[in-house]
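Colleague: Sequence:
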Amino acid sequence: MPSSHRDRPAPPTVTHGMADVEPGLRLHYVSAGQGDRVIVLLHGFPQTWWEWHRVITPLTEAGFRVIAPDYRGAGHSFRPAGGYDKWTVARDIHRLLHEHLGLHRPVVMAGHDIGLMVAYAYAQQFRDDVSHLVAVDAPLPGTEVFDRLRSDPRVWHFAFHGARDVAEMLVAGRERQYLQAFFAVRNSDPSAITDSDFETYVAAYSAPGAMRAGFELYRAFDQDAADNRAALARNGRLTVPVLAVGGAMSTSGALIGEMMREVADRVTGCVVPGTAHWVAEENPQAFTAALLEFLGHGAPAPVGAPASEG
Numbered sequence: 001m002p003s004s005h006r007d008r009p010a011p012p013t014v015t016h017g018m019a020d021v022e023p024g025l026r027l028h029y030v031s032a033g034q035g036d037r038v039i040v041l042l043h044g045f046p047q048t049w050w051e052w053h054r055v056i057t058p059l060t061e062a063g064f065r066v067i068a069p070d071y072r073g074a075g076h077s078f079r080p081a082g083g084y085d086k087w088t089v090a091r092d093i094h095r096l097l098h099e100h101l102g103l104h105r106p107v108v109m110a111g112h113d114i115g116l117m118v119a120y121a122y123a124q125q126f127r128d129d130v131s132h133l134v135a136v137d138a139p140l141p142g143t144e145v146f147d148r149l150r151s152d153p154r155v156w157h158f159a160f161h162g163a164r165d166v167a168e169m170l171v172a173g174r175e176r177q178y179l180q181a182f183f184a185v186r187n188s189d190p191s192a193i194t195d196s197d198f199e200t201y202v203a204a205y206s207a208p209g210a211m212r213a214g215f216e217l218y219r220a221f222d223q224d225a226a227d228n229r230a231a232l233a234r235n236g237r238l239t240v241p242v243l244a245v246g247g248a249m250s251t252s253g254a255l256i257g258e259m260m261r262e263v264a265d266r267v268t269g270c271v272v273p274g275t276a277h278w279v280a281e282e283n284p285q286a287f288t289a290a291l292l293e294f295l296g297h298g299a300p301a302p303v304g305a306p307a308s309e310g
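Numbering (our numbering), first residue to last: 1 to 310.
FYI, nobody ran anything at the bench for these hints, they're computed from the structure. We treat Cβ as the ideally placed atom computed from N, Cα and C, and that holds for glycine. Hints are supplied without guarantee of correctness; some may be wrong.
Said to hold, decoys possible - Label-pair ranges, simulated between beta-carbon atoms:
no., residue 1, residue 2, range
1, Ser-151, Gln-223, 11 to 21 Å
2, Gln-34, Val-185, 35 to 45 Å
3, Asp-195, Asp-128, 40 to 50 Å
4, Asp-20, Val-166, 31 to 41 Å
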């Protein structure tokens with residue numbers, strides 16, 4: 001089951017940075033650890049790098065250097081008017097890693113929710129720069145699983161966020177109430193996202209332009225699907241090892257492995273117990289154990305988080 005507040009790891013010690021990746025776009029990121037292996041953690045909506053704060057310390061203790069950016073439009077990163085298709089967002093991350101941080105060895109690329117979509121776009125565009133891909137609980141545009149889930153009433157927000165200007169009009173001034181409802185219906189443990197966590201996200205998405213930027217990520221889904229289908233036809237499926245992680249109570253959790261096998265050859269499926277959508281916050285211990293096992297570190301994943309090679 002998810003950990004109690006008493007035994008959750010303390011917030012990590014991280015270094016904050018800002019990187020100019022193109023004119024008018026500055027990305028915020030945090031880094032921790034000094035390991036030779038680098039893992040990049042990409043958050044989802046409506047979150048920021050803080051989504052990963054319970055797994056950063058265990059990863060650094062296992063010998064990894066961790067980089068957790070706020071992608072364009074989120075957190076402390078700038079909010080340009082466009083560029084929210086995931087291939088463009090992935091190129092932002094590539095510039096951050098290669099041009100700003102000087103990282104030229106392959107990295108572990110991990111993404112949750114929108115971050116999953118960015119991580120996949122990164123792995124397809126920069127195949128030689130990724131050693132492993134970790135895809136956490138979200139449908140990927142361009143797959144059959146995405147098309148099935150898009151019509152599910154439980155993902156009504158895809159259509160709502162896609163209604164340009166209408167979504168902004170209805171949420172403006174009500175960001176707190178909207179985010180409260182958004183988190184609550186995708187949670188298996190209401191205590192997993194603490195009041196402090198929630199306030200962090202409310203502050204981030206109440207900032208001018210922040211909700212618009214978040215909605216634009218959804219409005220790019222059709223472009224993302226076209227880009228992903230074209231890349232699959234052009235390059236074929238990914239050949240790096242992929243960990244497909246689903247939440248046990250999530251709408252898409254049981255389908256993540258099937259979905260990633262559409263686009264990758266070497267997929268290990270994992271369902272994390274005691275979680276719905278917010279996997280890294282609802283059960284950080286089980287998620288981290290499964291991740292480290294996949295990467296060749298630590299003990300086997302706990303009972304209830306089965307892995308299967310496909």
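Colleague: Does each hint fit the structure? Answer for all of them.
Modeller: Evaluated hints:
no.: 1; hint: Ser-151 to Gln-223: 11 to 21 Å; verdict: holds, 19 Å
no.: 2; hint: Gln-34 to Val-185: 35 to 45 Å; verdict: holds, 40 Å
no.: 3; hint: Asp-195 to Asp-128: 40 to 50 Å; verdict: holds, 43 Å
no.: 4; hint: Asp-20 to Val-166: 31 to 41 Å; verdict: holds, 34 Å
Taken one by one, the earlier hints all hold for this structure without exception.
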